[in-house]
Amino acid sequence: KAGVTQTPRYLIKTRGQQVTLSCSPISGHRSVSWYQQTPGQGLQFLFEYFSETQRNKGNFPGRFSGRQFSNSRSEMNVSTLELGDSALYLCATSTDSSNEQFFGPGTRLTVL
Amino acid sequence: AQSVSQHNHHVILSEAASLELGCNYSYGGTVNLFWYVQYPGQHLQLLLKYFSGDPLVKGIKGFEAEFIKSKFSFNLRKPSVQWSDTAEYFCAVNYYNQGGKLIFGQGTELSVKP
Numbered sequence: 023k024a025g026v027t028q029t030p031r032y033l034i035k036t037r038g039q040q041v042t043l044s045c046s047p048i049s050g051h052r053s054v055s056w057y058q059q060t061p062g063q064g065l066q067f068l069f070e071y072f073s074e075t076q077r078n079k080g081n082f083p084g085r086f087s088g089r090q091f092s093n094s095r096s097e098m099n100v101s102t103l104e105l106g107d108s109a110l111y112l113c114a115t116s117t118d119s120s121n122e123q124f125f126g127p128g129t130r131l132t133v134l
Numbered sequence: 065a066q067s068v069s070q071h072n073h074h075v076i077l078s079e080a081a082s083l084e085l086g087c088n089y090s091y092g093g094t095v096n097l098f099w100y101v102q103y104p105g106q107h108l109q110l111l112l113k114y115f116s117g118d119p120l121v122k123g124i125k126g127f128e129a130e131f132i133k134s135k136f137s138f139n140l141r142k143p144s145v146q147w148s149d150t151a152e153y154f155c156a157v158n159y160y161n162q163g164g165k166l167i168f169g170q171g172t173e174l175s176v177k178p
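Here the protein sequences line up with chains A and B, keeping their order.
In this text, residue positions in the first sequence follow this note's numbering: the first is 23, and each later residue adds one.
In this text, residue positions in the second sequence follow this note's numbering: the first is 65, and each later residue adds one.
Treat each hint with caution, since some may be false.
[What the hints assert, rightly or not] The following label-pair restraints were derived from C-beta to C-beta distances: (1) B/G93 with A/Q76: 15 to 25 Å; (2) A/T117 with B/S148: 44 to 54 Å; (3) A/R37 with B/L110: 11 to 21 Å.
[Said to hold, decoys possible] Partial selection, computed: residues in chain B whose CB lies under 7 Å from chain A: (4) Y103; (5) G105; (6) L108; (7) L110; (8) K113; (9) S116; (10) N161.
Bear in mind the hints are in silico, worked out from the structure with no lab data behind them.
Backbone N, C-alpha and C fix where the C-beta goes; we use that ideal spot for every residue, glycine too.
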């Protein structure tokens, strides 16, 4: 069974640009959550999608957005990038919200 | 606010020593509890989980954890660590009615000396 895949794995952008990250869940998983991991703040919840609907949202500015497609794949978008957005962005998927979540390898975003 | 606290930022042990990593969460009702591990260069993997039932749960690689409801704690233990246990360990809590949202502790970096 293939694991959670995230693309791209590495990304370098400059301030003011926007970026789109992709997450493909394990087959059968309908819940997709996104997290930001930084050395200073640790792992912080961004949002969760289930059946194409945003179910929960963390405390991030509106520059961070996401969506989920009918095949459960999810994308997150960050607009007007800031230096502080440099982080590892992790995607986690599960069959349903409260079940065990499986994490992908992450996308390492560097903002210059 | 809901939060999770891990007692130790960095733990250094010799092989065969016993391990206990503390985790406390703020009161918020019914919870699901998890311990995840992140080995160097690898992604987060689930060590063990508690949803209900026996408060002593066993996970992979000889790890176990005990849920003590009265103390809002979920401490991770291993009787004898190995060099290969060197990794970062994260405690995470999922509160009832919060969907899939996991609140993570700050993480504990474990270094095991051979």
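Hint check:
For B/G93 and A/Q76, the Cβ-Cβ distance of about 23 Å falls inside the hinted range of 15 to 25 Å, so the restraint holds. In this structure the hint that A/T117 and B/S148 lie 44 to 54 Å apart at CB is violated, the actual value being about 30 Å. Checking the proposed 11 to 21 Å range against A/R37 and B/L110 shows it is violated: the Cβ atoms sit about 36 Å from each other. Proximity of B/Y103 to chain A is violated relative to the hint, the smallest CB-CB distance being about 12 Å (cut-off 7 Å).
Annotation: B/G105 was flagged as interfacial toward chain A, and the flag is violated, the nearest CB pair being 10 Å apart, outside 7 Å. The restraint placing B/L108 at the interface with chain A holds, with a minimum CB-CB distance near 4 Å, inside the 7 Å limit. Because the smallest distance between the Cβ of B/L110 and any Cβ of chain A comes to about 6 Å, under 7 Å, the interface hint for this residue holds. Hint status for B/K113: holds, given a least beta-carbon distance of 6 Å to chain A, under 7 Å.
Using the Cβ-Cβ criterion of 7 Å, the hint placing B/S116 at the interface with chain A is not satisfied: the shortest such distance is roughly 11 Å. For the restraint placing B/N161 at the interface with chain A, the shortest Cβ-Cβ distance is roughly 9 Å, beyond the 7 Å limit, so the hint is violated.
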